[in-house]
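Colleague: Residue numbers (the numbering used here), protein chains in the order written: chain A, 1 to 478; chain B, 1 to 256.
Hints may be right or wrong, so weigh each one.
To be verified - With a cut-off of at most 25 Å between alpha-carbon atoms, the simulated DSS-like pairs for lysine-lysine come out as follows:
hint : chain 1 : residue 1 : chain 2 : residue 2
1    : A       : Lys422    : B       : Lys159
2    : A       : Lys138    : A       : Lys262
3    : A       : Lys451    : B       : Lys159
4    : A       : Lys41     : A       : Lys28
5    : A       : Lys195    : A       : Lys140
6    : A       : Lys163    : A       : Lys195
Stated by the list, open to error - To give a feel for the contact side, a few chain A residues facing chain B, derived at Cβ under 8 Å:
hint : residue
7    : Gly435
8    : Glu439
9    : Ser443
Hints in this document: simulated from the structure, not taken from any laboratory.
Idealized CB from N, CA, C, for every residue including glycine.
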Amino acid sequence: MSTVLNNLVNQPYKHGFVTDIETESVPKGLSEDVIRLISKKKDEPEWLLEFRLQAYRHWLTMNEPDWANVNYPRIDFQEIIYFAQPKPKKQLASMDEVDPELRRTFEKLGVPLHEQKIMAGVAVDVIFDSVSVTTTYKAKLAEVGIIFCSFSEAVREHPELVKQYLGSVVPSGDNFYAALNSAVFTDGSFCFIPKGVKCPMDLSTYFRINTEGSGQFERTLIVAEKGSSVCYLEGCTAPQFDTNQLHAAVVELVALDNADIKYSTVQNWYAGDENGKGGIYNFVTKRGLCKGVNSKISWTQVETGSAITWKYPSCVLLGDNSTGEFYSVALTNHLQQADTGTKMIHLGKNTRSKIISKGISAGRSSNSYRGMVKVGSRAIGARNYSQCDSMLIGDRCEASTFPTIDVQNTTAMIEHEASTSKIGEDQMFFFAQRGIGSEEAISMIINGFCKDVFVHLPMEFAVEATKLLGLKLEGSVG
Amino acid sequence: MISKDSKVMLEVKNLRAKVGGVEILKGVDLTVNAGEVHAIMGINGSGKSTFSKVLAGHPDYHVTGGTASFAGKDLFALEPEERARAGLFLAFQYPVEIPGVSNSALLRLAYNTLQTERGLEELDPLEFEDLVHEKIKVVEMDPSFLGRSVNEGFSGGEKKRNEILQMAVLEPKLAILDETDSGLDIDALRIVANGVNSLLTPDNAVVMVTHYQRLLNYIVPDYVHVMDGGRIVRTGGKELAQELEARGYDWLRAAA
C-alpha cells in the first residue's frame with residue numbers, strides 16, 4: 001500500500017527537542033538509600049518515607065508483569081535515574097521568576113506559564129522531569145476552597161489529606177509499576193474539591209520528561225467531596241532520545257456522594273522512530289473509586305505517542321448508583337505497541353459502566369484492547385455496555401481484543417460489541433475518485449471512527465486530538 | 001449524434017495497460033463526444049472493467065502505452081483526484097463501505113472540493129442539505145440514507161443508487177458506469193436508469209460498461225462497442241446490442 005498512506009502516517013515528532021538546562025539528579029539506580037535521598041531532598045515527613053520504603057520492599061518481591069501483548073527487552077531498573085530536577089533557584093515568588101529557559105520550553109509546547117496568556121479558564125500544574133515547576137490560578141481556586149497544587153506542596157501544606165487518600169485507591173503493592181511508583185514518585189498534582197463546589201475552570205497537568213535516562217514517576221491524586229465536580233486534563237510530551245525512557249505514573253481519583261470527576265488525557269510522548277528506536281515506555285496505573293452514592297468517574301484518553309503503552313484506567317463502582325465511563329482512542333504506528341483498556345468493577349447496587357474503545361493500528365504496530373467487567377455478588381442491577389472497535393491501516397499491523405467478563409450476580413446486564421475495519425486501497429481510491437485528497441480522506445475516516453470518543457473531550461482537547469491523529473497518520477495510507 | 005459542432009470529451013488512442021504484470025488492454029481506441037451515450041459490452045475478462053479503472057486512475061492498473069485526452073487535458077498526467085475534479089466520474093461495480101463517515105458528510109466534502117476547483121462558493125451544511133434533498137429524488141432514496149454511514153449495511157441495489165446519487169450531486173462531464181446493472185432487481189434497475197437518464201444533457205456524456213443488453217433497454221446508447229481480448233473489436237448502434245443478446249458473443253468471434 002501505498003506511499004500516500006505511508007507519508008500520512010510518518011509525520012515527524014514535533015516535541016522532540018531537549019531543553020538545555022542545568023539539572024540536579026541523584027545517581028542512577030535504585031536502593032533504600034536512593035529512596036531516603038529523594039525523600040530527604042523533598043523534606044518529607046517520616047510517614048511518607050515509610051510508605052515509600054514499604055512499597056520498595058514489596059516491589060523487590062514482585063515480578064514484572066508479562067501478560068500484556070507487548071514485547072520489549074527487560075528493563076534494567078538500576079540504569080534509570082529516579083530523580084532529576086532543574087537546579088532549584090530561590091523560592092519562586094511569581095510566575096515571572098520561572099527559569100526563562102523553562103518558560104521558553106513550555107511556550108514552545110504551547111503551554112505558556114503566564115496566567116494571562118494561558119488557555120482561557122484552564123489552571124495548569126506543570127511538571128518538568130521530577131518536579132512541579134508551577135501551578136497557575138492557585139489563588140483564584142483557593143477562593144472557593146479548591147486545593148490545586150503540586151504533590152510536594154500538598155505533602156507540606158495538607159499532610160492530613162494526602163495521608164488519608166494516598167494509596168487508598170491504588171495500594172502501594174497493587175502491581176509492579178504501582179509499587180515502583182509508590183517507592184520513588186517525585187512529584188505530581190494534587191487536587192481537592194470541597195463539598196458542593198463545582199470547579200469553575202478545567203484543571204490541567206502538563207508532564208514533560210527532559211533528562212535523558214531519567215524516568216518519570218509522578219503521582220496524581222484527585223479528591224472530589226460530596227456534591228462536587230471537576231474536569232481534569234492531562235497532556236504529556238518528551239524529547240526524542242534513542243534510548244527508552246520509563247514513565248510509571250499512578251493516578252488516583254476519589255469521588256464521594258454525588259461527586260463527578262471527568263479525567264481526560266491526550267498523551268503524546270515520544271514514540272520512538274520508525275524503526276522502533278527510542279521512545280517512552282508508558283506503564284501507568286490509573287484508577288478511580290466511586291466511593292459515594294450517585295458518584296461518577298469518566299476517563300477519556302487519546303493515546304498516540306509511547307513506544308509501549310500499558311495502561312488501564314479503571315473504575316471501582318462501590319457507591320450505589322455510581323457510574324464509570326471509559327472512552328479511549330489508541331493509535332499506534334511504526335513499531336509502537338499498545339495494550340490498553342479498562343476495568344469496571346461493579347460492587348454497589350445499580351451501578352452502571354460504559355466502555356467505548358477505538359484502536360487504530362498503522363505501520364507494523366500492535367494495538368490491543370484489554371478490558372475487564374466484573375460484577376460482584378452484591379451488585380444488584382449492574383449494567384455495562386462495551387464497544388471495542390479496531391481499525392487497521394495497511395496490512396502489516398495488528399489489532400487484538402481481550403475482553404474479560406466476570407459476573408457473580410444474575411441481575412446484571414452486560415453487552416459487548418466489537419468490530420474490525422480496515423482503511424484499504426479501495427476506500428482511498430473511492431475518495432480520490434470523488435475528488436477528495438488522501439489526507440482529507442484519512443482524516444474523515446479516522447474522525448468518523450473516533451467520533452464517539454471525541455465528543456467526550458473538552459473542546460480544545462478535541463481539536464488537538466484531531467490534529468494529532470492527522471499528524472501521526474500522515475503518509476500511512478496510500 | 002455525430003455532428004460537426006460536437007465536442008470531443010474523451011479521446012483514447014491505442015491504450016495498453018497492465019495489472020499485476022499481465023497486459024489486459026491491448027490497444028483500445030474510443031472517442032466520446034459531449035451529449036453521447038456509449039455502451040461497452042463484452043464477456044468477462046474482455047477488459048471492459050479494466051478500461052474503466054484505467055481511465056479513473058486506479059493505482060493497481062498501469063498504463064503501458066497509448067494516450068487519452070479528457071476535456072482537453074492529458075488524462076494520464078493527472079492524479080485520480082485531479083481526474084475526478086476535472087469531471088470524470090466512475091460509478092463503481094462494487095461500492096465500498098466507509099464506516100463512521102456519513103453519506104451527507106462525504107457528499108458535501110466532495111461537492112465543496114469541486115466547487116473550490118471551479119472557483120465557486122462552498123455550500124454550508126444547511127445550503128447543502130437543500131441541494132442534496134433535491135438530488136436524492138433522482139434515485140428515489142429516502143433522505144434517512146443521508147445520515148447513514150456510506151454504504152454500510154446498504155443492500156446491493158441501495159449501494160448502486162447511492163453511486164448515482166453521488167453522480168447527481170457532482171454533475172460530472174463524463175460518467176463511467178461500471179456494471180452498474182449487475183445485482184439489480186428490475187425495480188432498482190428502472191430507478192437507476194431513470195436517474196441516469198434524467199442527468200443526461202447535451203454537455204455531458206455517459207459510458208456504460210455492461211455485460212447484458214438489459215440495461216440498454218432503459219438507457220439507450222448512441223453507440224455500442226464490443227470488447228474482446230483487450231480491444232474494441234466492433235462498434236455499432238443500439239441494434240448491435242440486440243444482435244449480441246440474440247446470438248451471443250461467440251457469433252462475433254466466429255464472424256471475426
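Colleague: Hints first: check each against the structure and report whether it holds.
Modeller: Now for the hints, and whether the structure bears them out:
Straight-line distance between C-alpha atoms of A:Lys422 and B:Lys159 comes to about 19 Å, which keeps the hinted pair within the 25 Å bound. Taken as a hint, the A:Lys138 and A:Lys262 pair is honoured in the structure, with Cα atoms around 20 Å apart against an allowance of 25 Å. Between A:Lys451 and B:Lys159 the CA atoms are separated by roughly 24 Å; this keeps the pair inside 25 Å, and the hint holds. For the hint pairing A:Lys41 with A:Lys28, the CA-to-CA distance comes to about 16 Å; that is within 25 Å, so the pair holds.
For the proposed pair A:Lys195 and A:Lys140, the alpha carbon gap of about 17 Å is at most 25 Å, so the pair holds. Distance check on the hinted pair: A:Lys163 and A:Lys195 sit about 19 Å apart at the alpha-carbon level, within 25 Å; holds. At its closest, the beta carbon of A:Gly435 sits 4 Å from a beta carbon of chain B; the interface hint therefore holds under the 8 Å criterion. Annotation: A:Glu439 was flagged as interfacial toward chain B, and the flag is violated, the nearest CB pair being 11 Å apart, outside 8 Å.
The restraint placing A:Ser443 at the interface with chain B is violated, with a minimum CB-CB distance near 10 Å, outside the 8 Å limit.
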